[in-house]
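Please work from the sequences and hints to get the whole structure.
Protein chains: 2
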Amino acid sequence: MKFFSNKENIIYAIQMVQRAVSMKSPLPVLTGILFECNDNMLKLTGTDTDLTISCTIPVVTEIPGAMVFPSRYITEFSRKLPDGDIEIEKIKDSNMATIRYGQSEFNINGYNADNFSIPEFQSGEIEFIISSEILKEVIKQVIFAASNDETRPVFTGILAEIEKNIMTLVATDTFRLALRKLSIDVNVENLINVIIPGKTLNETARILGSSKDITCQIGKNQILFKTDDTVILSRLINGRFPSYRQVIPENHSALVKVKLNSLLDAAERASLLVVERNPLVVFIVQDNNILINVRSENGWIREKVPAETNGEKLEIYFNVKYLCDVLRSCNYEEIYIKLTGAYTPAMVTPVTGDEFMSILVPARPARNE
Amino acid sequence: MKFFSNKENIIYAIQMVQRAVSMKSPLPVLTGILFECNDNMLKLTGTDTDLTISCTIPVVTEIPGAMVFPSRYITEFSRKLPDGDIEIEKIKDSNMATIRYGQSEFNINGYNADNFSIPEFQSGEIEFIISSEILKEVIKQVIFAASNDETRPVFTGILAEIEKNIMTLVATDTFRLALRKLSIDVNVENLINVIIPGKTLNETARILGSSKDITCQIGKNQILFKTDDTVILSRLINGRFPSYRQVIPENHSALVKVKLNSLLDAAERASLLVVERNPLVVFIVQDNNILINVRSENGWIREKVPAETNGEKLEIYFNVKYLCDVLRSCNYEEIYIKLTGAYTPAMVTPVTGDEFMSILVPARPARNE
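Residue numbers (the numbering used here), protein chains in the order written: chain Y, 1263 to 1631; chain R, 1263 to 1631.
Treat the hints loosely; a few may be bogus.
If chains are identical, the list can't say which one is meant, so a pair holds when it fits in one copy or spans any two.
[Said to hold, decoys possible] The calculated lysine to aspartate or glutamate pairs, modelled on EDC-like cross-linking and capped at a C-alpha distance of 16 Å, are:
1) Lys-1488 - Asp-1475
2) Lys-1566 - Glu-1367
3) Lys-1342 - Glu-1530
4) Lys-1482 - Glu-1382
5) Lys-1342 - Asp-1527
Hint data in this document are derived by calculation from the structure and do not stem from the laboratory.
Note that this is a predicted model, so its numbers are computed, not measured.
Put into structure tokens, the structure is as follows:
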């Protein structure tokens, strides 16, 4: 393997794939990044076996070939390369390569490419194209509600349900739920229902910046996202996603219409006074406003937010972190908050339609403060 | 106490003083920031008793007075305030204040201002004005060489020696030394010789951005820096600074003239391969260049940097972190490196003059790699 490239391209490709590399992999070769060089193209691949990211950049190839570079060194080193041509050459019959730049060189020990196994995509059942910008937005709108608790894998994923040409994404950690619908350019006959790992969607959102559209393919146990130069392949999560429909309240006894940013600012200020073991604020629906109150040994905050309120005037306790999360996740000017009582789930929707919905389970205060 | 202000001014003043506050102070009142309001001026003060920072901003005063606000809450809260008028009022006969903004309010528990003791400056022996930009630069040039080891306080400080109108700043942790001379607008009769805590100069450099000039006063055991709105008062460090003159090499057997940035880039790349327990690189003076070589189990790097070299051709080991530190500290295009042998200190100076000088003690490699 021998090729010529430049700092910017190398850094770009490494940044794309490096987040899929697991530095803790029991297989040392998988702590590295695979470089495969062919026909004036260089393909970099990182994988933790669940998630695999590849990125292809143009290079000038002299000798095709492949080698695995240790991820940490090649990442840090590429950032410190000088501008100008970079030559990378594998030393024959070894797992070592020489990186030449200016008058200097780095001889780096790596791994044999033959030992680097890349999961392969089994042909997809469905394929569609989606705008990168929209995909980024919908991921942000639901992912906050997914759990980090690896002991219950289903809750760490995002349900993707496709019926006809509507995809519904749902995430929940049982304390809150977020749901976002969007139409896609495909029409499926049978309902598709898969659970995508949260990490996969996070990484997908991260690398979307560089591409206008992204192609998505869903297979039996895998999902694949493809931009012009980058491919993300991920396993799906096995298991049954909880039937979320039954937790969506059908009616409400109180309806609040409020500016999202005013409410978020108020909730963020209130969050300063809560303590970790009791992160609750009380949310009070009044005639022309809502109050968010919180009290601690350090003082008390009373936030008054102008709002249109209809129906019951009630008080409900929320975990203020969960309230802030849902408000930060979406970019609507005004939202509805629909309540049915102090102890039943609250629903947040945009005023403009039903594409997005979030459910917040109210908290019960330990003491009546 | 009752006054009106706005978010920007409050945030500015808090940022200025907050770094002097010790959150671990055994006196709870000193974990706070003193607010003193008088004649349409608000003075904020933070102190850990060694270092005291005050900042004064204009406000609209309704009732003069003072109170201590808990630093953590007032800092975080001020950042989340809405734009517009902010009203702060101390609640009579209490240590609580109400902060009003929009239709909302924060009632915050604080401390009695009478319990907040501020060190006072005993009149200065000498006073001079210096440009903020220059002071910032000279602090950066020497402070990296100061030690963090609190068990030897003298080495955590910067020696300031003033003779006639020349101030010499010196820092050393015994492994390296940095010295910077500058002329000041004063003429002292007797040599002045004080040790300023490194932290004081770091904080001074940090807050200099807002002011063109800074006034410096040196007292018996204190130093004071004053900008238009901010005052930094610090104790000096007691003790005898080591007599640094005797470690400055008088001659050299090898002279290297090199572009600072080329050498820094090379040293930074080489630093990637060193390990913490053996952070050494070998620095080889050759005919028209210098080599920086490093070898580890992960590979080896050979950096070749064009240089004008005169005299002995020698090899010397450096701690690469120390080499990078000195190169990063100064903003010269070209430097001289003056060497007298493989086991004697090396000297770095700008090509343009002798205002700055740094000494690097060479390292002895554990094994001959």
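Consistency of the hints with the structure:
Taking the closest pair of Cα atoms, Lys-1488 and Asp-1475 come within 16 Å of each other only inside a single copy of the chain (9 Å); across copies the shortest separation is 56 Å, beyond that limit. Proximity of Lys-1566 and Glu-1367 under a CA criterion of 16 Å is satisfied inter-copy only: 8 Å between copies versus 64 Å inside one chain copy. In the homo-oligomer, the alpha carbons of Lys-1342 and Glu-1530 lie at most 16 Å apart only across protomers (7 Å), although the nearest pairing inside one protomer, at 39 Å, exceeds that limit. In the homo-oligomer, the alpha carbons of Lys-1482 and Glu-1382 lie at most 16 Å apart inside one protomer (12 Å), although the nearest pairing across protomers, at 75 Å, exceeds that limit.
Taking CA atoms no more than 16 Å apart as the test, Lys-1342 paired with Asp-1527 passes between copies only; the shortest distance there is 7 Å, against 41 Å inside one copy.
Checked against the numbered hints given earlier, this structure breaks none of them.
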